[in-house]
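Engineer: With chain H held as given, fit chains P, F, Y and X onto it using these hints.
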Amino acid sequence: MTLQALLVVGAALFGIGVYGALSQQTFVMIMMGLELMLNGAMLAAVAFWAMSSGGAPKGQLLTVIIMTVMAVEAAIGFALIIGIYRIRKADMTEKLKRLRA
Amino acid sequence: MIRSGTVDIAFWMFSAGSVVAAWLVFRTDSMVRAAYWLLASFAGVGALMVLLNARFLGLVLVLMMAGEMTIMAVFMVMFMMNPAGLNPMTMVHQHRTAKIAGVFAFAGLALVGLVADFPDRPADARRDPTSDLGRELLGDSMLVFETAGVTLLATMIGAIAIASKRGRYGDAEQGSAPPALEEKPPEPAGMEH
Amino acid sequence: MRWSSPLGAVVLVAGVLSAGAYVVAVLDVALGRLTAAGHLRLRHALRQPLDETALLLLTRPSRTERPDAQAWALAPALLGAMAAAAVATVPLGRGIAVADVADGIVLFGAAMAMVMVAVYLHGWSANSPMPLLGGYRFIALALSYEMPLALVLIAAALPAESLSVGAIVASQHDLWNVVRQPLGLPLYLIAGAGLAFWGPLDTADGPDLAGGTTAEVSGPSRVAWELARRFVLVAVAVMGAAVFLGGWQGPMLPGPAWMALKTLVLLAGLVWMAHRVARVRLERFVVVAWTVLIPLALVDVFVSGAIAL
Amino acid sequence: MGLRRALARLAAAAEAPVFPVIGAGGRSVAGEIALLGGVRVVDSPRAANVLLVVGGITPGLLAPLLQVHDQLPTPRATVWWPGEPVEHQDLRTVLGEVVVARPGDGDTLRGVFAELVGGGRLSDPPALPDDEPAEWRGVGPYGQGGTGMTGGVPYGRPLAKRSPDPDGLELDQLPLRIGPMFPPLPPGLILDIALQGDVIREVAVGDNPFLGHPDGPAPAGLDTALFLEAARRPQPVATIELARARHHLRWAAGTLRLHGLASESLRVLRLARALRPEHALEVETLARRLRGRRSLSWATRGVGVVTPAQVGFGPVARAAGVAVDARLDDPAYDGIGFSPVVNDGGDARARLRQRLAEAAQALDLANRAGARVRQPGPALEGPRGPLSAGEALPSAALVDLLPRLLVGQEWGDAMTTVASLDLDLEEAAAGARAGAPA
Amino acid sequence: MAAFGAALTVVVAVGLGVLFTRWIGLALDSATLTPPERVPFLGGGQPEVHAWSRFHVRYYAMALLFLAFDMEMVFMYPWAVVFVEEGAVALAEMLMFIVILLLGILYAWREGALEWA
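Residue numbers (this note's numbering), protein chains in the order written: chain H, 146 to 246; chain P, 32 to 224; chain F, 906 to 1214; chain Y, 610 to 1047; chain X, 545 to 661.
Check before you lean on any hint, since a few could be wrong.
To be verified - Incomplete in silico selection of chain H near chain P, CB under 8 Å: (1) Leu-148; (2) Val-173; (3) Met-187; (4) Ala-195; (5) Met-196; (6) Ser-197; (7) Thr-208; (8) Thr-213; (9) Ile-221; (10) Tyr-230.
Stated by the list, open to error - Over 12 Å on every C-beta distance to chain H, these chain Y residues come out as not near it, computed from the model: (11) Ala-617; (12) Gly-646; (13) Gly-705; (14) Gly-727; (15) Leu-778; (16) Ala-932.
FYI, nobody ran anything at the bench for these hints, they're computed from the structure. Keep in mind the model is a prediction, meaning the values are calculated, not measured. Every residue gets a Cβ at the ideal spot worked out from N, C-alpha and C, and that includes glycine.
Excised from the complex, chain H in its bound form (with noise of 0.2 Å):
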């Protein structure tokens, strides 16, 4: 296990987190895609944080924040999703740029 074997692991299950969030159409698959994103960034952060920092403890911060991050950003998705669901009736973002046109 080393550094940058770890920092691969990261950057496989980011690139996973952008492709599910740009090819995905409904707002709950693309959250989850940025979740991947968030989960591949504190994969990283911790490996530095063990491996590359001495262990300071702000790289554990940092993880709690990113923690903190994938919180808000699911409350407050999926209460967006209920008001749009609400007005609209929908729940793809194509529906919607179709709406808006």
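Structural biologist: Using the frame of chain H, we list chains P, F, Y and X on its own:
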């Protein structure tokens, strides 16, 4: 650098599991399965964190994500047509672009990780990282900690205000005429561009 | 420490869980009969669970029209496995612990959070209305009891200055937490009953849903589910005994005996509660959990903290 | 095969898991099933090995019975307690291997179960033909019967459709036909429910399966038969009041079971079975104990409120604060100190307290009535409301109330509400027949 | 780390053990079921549609509240470890944090976000 046979095996197992689970999130038709594949991916990363001696972060990640992914599953089931994927479907757009972007993101980041020269300063395995984090939260980063509290409060209030139908200010739907939308999409299943 | 060797660990945890599950079943039959008829037949109570299991093993597992078969099979396994993880964190005697890790109650919390996943999957996978309703009910319940559960354990960790269950047990050398933090155990048992969807908090598998998530389950699958559910109850009692009743500490008897005795007391209490207290109305429980139980648990945390200083 | 034999030996000693199906005239015996030794009543056919059919199977009950029969996992057996006389469908002609036994005969039932588990008896074959709900194999682009995103019949059934909701979220609504053999509901009750989330959006009461038979149900088989008899012939007041107390206790047992107090419910059933006027104190204590049970109050308070305007008779009205009781105008009750018990609130909790208090009062009256005999003539207050010749029986009006009561309720609350009304579909059918112009 | 390994072993073993319970039965009787035998139980009827649908989760506001409030745990666990060592400052800081979050519950409760039917 941490080196030991068992740890290496565990590392490869959890890494592979995490990445495969992440990939399966977008390969399954069932929304519940998608959410729980994502949870599996998080659990794999959590295990990797434990291997890196960030025990608390790894465990708490699983604790948080179990709840968050269940809520995710519930919301996906709520808002997706055909949530269990009884009719197979591919709900993607700009598939090629997305694939290329994903590969580029991976390649770029991996390259940086492999090529860049990071200092080799492993954390002291004898220290308890959990109490380090606690001291950090109460000491230097007290402001971060309290800001998080305010942010979470704002999130709670914002989320409930946006989501609930009847707030103190009346019906959320008033004054907004919902445009009619066809019940069934005209596209056939497997609309892959 | 041979209990953390793979074989020793499996034998220890599986032994505790199976013995505990059997005791729960016997207590259930015995206390049920005591309530129903005013007397109990011990021999009947000791045999009944075994007979019933044998019958279920001879019965064919059912299958609905188009279930998610893999997830349906996996749900009980996940539930049982998480109970095992929870038990692994608890020292059952001096030095007898599989994984008394420094972040023990976080590991316990993570395992117990996964219970929600298992129960929801069990309800969802059947593709049948009653189990589906049961699964969704459990999520509402779990979102309500999870915070009090974690908070009372944190309160117990304050005087121990550690998240390790072993340290929490050691911190009760002079005074048990049940006395030092009187709010802790009652709140913990309420949350624990919810965790195992047991007794008054059995909204997921209740009779008003014709069995809820188990409405479509028969034969060996039912054995697996009921077994796993009792495992969770045992894990709750074991953890409760360690965190609130001083764990393996006690005069005269050896540590494991004290632990077994204290666990038995909590199990008996939980089973008695199931025969005595009517099932809650979910919506009302959710409101009470958020407006009463969580604030009470926070009071528990801060008062315990102030005392520990 | 050694394991199998060993398991079979153990299993034969287990309590037989029974799923009871209550047919015409079966209600009066139904309370006894749970008290049989070595028998356990279960909530779902999936948990049972023995299907126990009690009473006659009307045409409306036949198809559901066959469906439930097939939902029992193998090994399964069917036992029938037909009652007297066998006036309905002979079960033996539709389900080959039916064991007929005298109602209340637990030994035969246990015997059949032991034989079944021991291998001496073959498991019942499926009763319904091997037909898919719809043609789906090989249909559609993926061969699973579906088309597009939500069309077709994937795996034999269509997907649910969206429907508006007061909540503003237009999500799917499940059209469910619940009953007539759904344990939380009274036997025979069919509810066509539109369920959105866990909240009931629309309710219609399905055709009463006890109706539509040329002969109609025999009033002799009703659980209120004694009261109907008393409306026509002289009957000792003590007998009537004892029957009333027994009726209310049996109902209370069912309610306790629904609220998760199964063992307590057995205790109440046991008391009801051996009930005598001397038990006044026991019933009084029980009523007080259950009244003081916080958890029970908590689960029923404010659920299913019925106003006096909706129902103006019987315990349901008295639980809403109206002192109506046919016994007030009944000369047989003069001078024994009768005055109606009244509760307020009109919710499920009030009805539970009302019936328990009435059970205690009935025993008290039975003791005070001595040898007094009631003469036919004025309307008789039955356990659900007044019974008089030629008029609709109380259950009919209560069943009609359901759609309005249940809409907007959460599932569990709806089940609590239905149970709290003490419905009998058979009585509703008999009432409808009696009330119809001849 | 060894302890985590042991815990993982136990988790896998017990999980497999529970899973194995199902196979005992399958080995005894694995005949196929007819379609009527597989109909979901509704008390004698057949469902018109699949139960899998866009299920209207009535407690969504409570779920959102949970998402945010649950984060408090992440801060509280490490706080508990250093609590005694940091003393009254720790108590005050966490009290402030919790009071802020409790305002959220108060708001949700006032808005009726915890009730649904």
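Engineer: State for each hint whether it applies.
Structural biologist: Verification of the supplied hints:
{"no.": "1", "hint": "Leu-148", "result": "holds, 6 Å"}
{"no.": "2", "hint": "Val-173", "result": "holds, 5 Å"}
{"no.": "3", "hint": "Met-187", "result": "holds, 7 Å"}
{"no.": "4", "hint": "Ala-195", "result": "holds, 4 Å"}
{"no.": "5", "hint": "Met-196", "result": "holds, 5 Å"}
{"no.": "6", "hint": "Ser-197", "result": "holds, 5 Å"}
{"no.": "7", "hint": "Thr-208", "result": "holds, 5 Å"}
{"no.": "8", "hint": "Thr-213", "result": "holds, 5 Å"}
{"no.": "9", "hint": "Ile-221", "result": "holds, 6 Å"}
{"no.": "10", "hint": "Tyr-230", "result": "holds, 6 Å"}
{"no.": "11", "hint": "Ala-617", "result": "holds, 49 Å"}
{"no.": "12", "hint": "Gly-646", "result": "holds, 54 Å"}
{"no.": "13", "hint": "Gly-705", "result": "holds, 51 Å"}
{"no.": "14", "hint": "Gly-727", "result": "holds, 53 Å"}
{"no.": "15", "hint": "Leu-778", "result": "violated, 6 Å"}
{"no.": "16", "hint": "Ala-932", "result": "holds, 48 Å"}
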